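**Q** One letter stands for each residue in the lines below.
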Amino acid sequence: MTKRDDDDEDELFAAELALRLLDGEALLAARARQSADPAFAAHVSVWQERLAGFFDEVEPVEPGDGLWERVASAIERYNPSETVVVLTRRVGLWRGAAAAMTALAASLALFIGLRDPTTIKETQIVSRTRTVPIPTPVPVPTPTITPAPVPEPTPPVSRDLRVAALTPDDAPTMAVVSYDEAGRSLIFTPATLTPVAGHSHQLWVVPASGNPRSLGLVTPGAARRIAIVDNLATLFRGEATVAISAERTGGSRSGLPEGPIVAKGTLRPV
Amino acid sequence: MVGAASSAAVDRTSADNDRLALVRALSSVAGGSEAALRDVYSRTSAKLYGICLRILSDRQEAEDALQDIFLTIWKRAGSYDAARASPVTWLATIARNRSIDRLRARGSRPFVNLDAAADVPDARADAVAGIEAAQDRDRLMNCLDTLEARQAGAIRASFFQGLTYSELAEAGAVPLGTMKSWVRRGLLRLKACLSE
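Sequence lines, in order, name chains H and A.
Per numbering that gives the first Met the number 0, the first sequence starts with residue 0, numbered consecutively.
Per numbering that gives the first Met the number 0, the second sequence starts with residue 0, numbered consecutively.
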């Protein structure tokens, strides 16, 4: 293939993603590339601009009265007072900002501090070094946890913990997954995932190469711990993506995603 | 035609000002200003609602989609990059994507006739949205006219109904590979024409 053919191929792939012509694995591959490859993402944006002429043939229509009030109250509900939202925001921050680690450690310090004043000092130290091990990422710290006495001096335990925020196109995080390599378990925490009538949501791991493998069905509003058996664990090596598809009730019959992918994200170390 | 030229220049400036105001408002939304979101809403809600309605063909569902879209804008305004996309395109693309998500979540597809999709009358003579927008539209429509009708029809059906290759192939009763190569040839042709 010549360079020109490759360029054309990239452009076409970007156009196919912008138009939403793709489904299944091709769609996953295109979205993964869009988030990993800025040149490809730029091609997608250029196609969105090229096609924007279609929008100009749409006549504006005034929405009903009261819609702004609905928007305003949706924002009110969204604004971060809820624990789940806080978690979602944290995961967004984890990707880019060390500040999030400090905030997390600070909230942990506050939490532990409320329970046992003697542990505050240690927690503050780790928060400054920003190497605090992430607590098991269940959505809400359960009040029954008592901080274990830490033998001194204890370097933070190094664990392969990776997190992915599962997001649809242009939309907020639907769910968060964290994968603990040592513990061979995946924790699924839904955020804005909502039920769709007549459908089940199915979780998949999409390895860097090869077919997606089902991790089972997931339910909006219900966190799940999923044990990862040995033959699945190999699929989590490298840049694995986790995706949620909307399948017919009961899930895919073929063992591969049959319905649309509603959200996906790549596991990254935290 | 000095008068027409200067009137076009005025329209152009006014379009630039609108665009700039929208970029600024989005930047304030990213900073958490609800008043700025209200400003974005008053500038764009009719356009975005029109897009939802065109895709979903149901007022109630289009309103639900619009609410969802403004919440998305509230959360994601920080990721808007003015160097990469015009603010209207960015907002309209969110509206289109969220509406198509809803269409797909319905799980059922309306009957699609690709020939009819190709015949959708365009609004070339009906410039309402400012000179710049009208020029963009005319360029796209003129370039679509250079494609075969079935290519233009498939691209349009994908844009407004989110049809995938498989769905287009089914609607056009042609093999998947045939549909793919039609559309891909059409897209390359479209790109060449728009780049002229």
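Just so you know, these hints were derived from the structure itself, not from any lab.
Computed from a prediction, not measured in an experiment: that's the story for all the values here.
There could be a bad hint or two in this list.
[Unchecked claim] So the derived list for chain A, only partly shown, Cβ under 8 Å to chain H, looks like this: (1) Ser85; (2) Ala91; (3) Gly106.
[As the list claims (entries may be wrong)] Here are the in silico distance ranges between beta carbons for each label pair: (4) A:Gly106 / H:Gly237: 49 to 57 Å; (5) A:Ser194 / H:Glu68: 23 to 31 Å; (6) A:Ser180 / H:Gly182: 44 to 52 Å; (7) A:Arg58 / H:Asp229: 47 to 55 Å; (8) H:Pro59 / A:Gly31: 57 to 65 Å; (9) H:Gly237 / A:Ser27: 28 to 36 Å; (10) H:Ser72 / A:Ala172: 31 to 39 Å; (11) A:Thr12 / H:Asp36: 19 to 27 Å; (12) A:Ser27 / H:Arg224: 35 to 43 Å; (13) A:Asp57 / H:Pro37: 35 to 43 Å.
We treat Cβ as the ideally placed atom computed from N, Cα and C, and that holds for glycine.
**Q** Between Asp57 (chain A) and Pro37 (chain H), does the C-beta distance stay in 35 to 43 Å?
**A** Distance hint for Asp57 (chain A), Pro37 (chain H) holds at roughly 38 Å.
**Q** Please check whether Arg58 (chain A) and Asp229 (chain H) have a Cβ separation lying inside 47 to 55 Å.
**A** Hint holds: Cβ distance 53 Å, inside 47 to 55 Å.
**Q** Regarding Ser180 (chain A) and Gly182 (chain H), is the given constraint of 44 to 52 Å on their beta-carbon distance met?
**A** Given about 48 Å between the Cβ atoms, the range holds.
**Q** Using the C-beta atoms of Thr12 (chain A) and Asp36 (chain H), is the stated range 19 to 27 Å upheld?
**A** Hint violated: Cβ distance 37 Å, outside 19 to 27 Å.
**Q** Does Ala91 (chain A) pass the interface hint, meaning its C-beta sits closer than 8 Å to a C-beta of chain H?
**A** holds (5 Å)
**Q** Was the hint right that Gly106 (chain A) lines chain H, CB cutoff 8 Å?
**A** Gly106 (chain A) check passes; min Cβ-Cβ to chain H is 6 Å, inside 8 Å.
**Q** Taking the beta carbons of Gly237 (chain H) and Ser27 (chain A), is their distance inside 28 to 36 Å?
**A** Given range 28 to 36 Å: violated, Cβ gap about 40 Å.
**Q** So, Ser85 (chain A) near chain H? Judge it on the closest CB pair being under 8 Å.
**A** Status holds, d = 7 Å.
**Q** Starting from the hint 31 to 39 Å, judge whether the C-beta atoms of Ser72 (chain H) and Ala172 (chain A) obey it.
**A** violated (47 Å)
**Q** Is the hinted range of 23 to 31 Å satisfied by the C-beta distance from Ser194 (chain A) to Glu68 (chain H)?
**A** violated (45 Å)
**Q** Range hint 57 to 65 Å: satisfied by the CB atoms of Pro59 (chain H) and Gly31 (chain A)?
**A** violated (28 Å)
**Q** If you check the beta carbons of Gly106 (chain A) and Gly237 (chain H), does the distance land in 49 to 57 Å?
**A** Violated, since Gly106 (chain A) and Gly237 (chain H) (Cβ atoms, about 34 Å apart) do not stay within the stated range.
Violated hints for the displayed structure, listed by number in ascending order: 4, 5, 8, 9, 10, 11.
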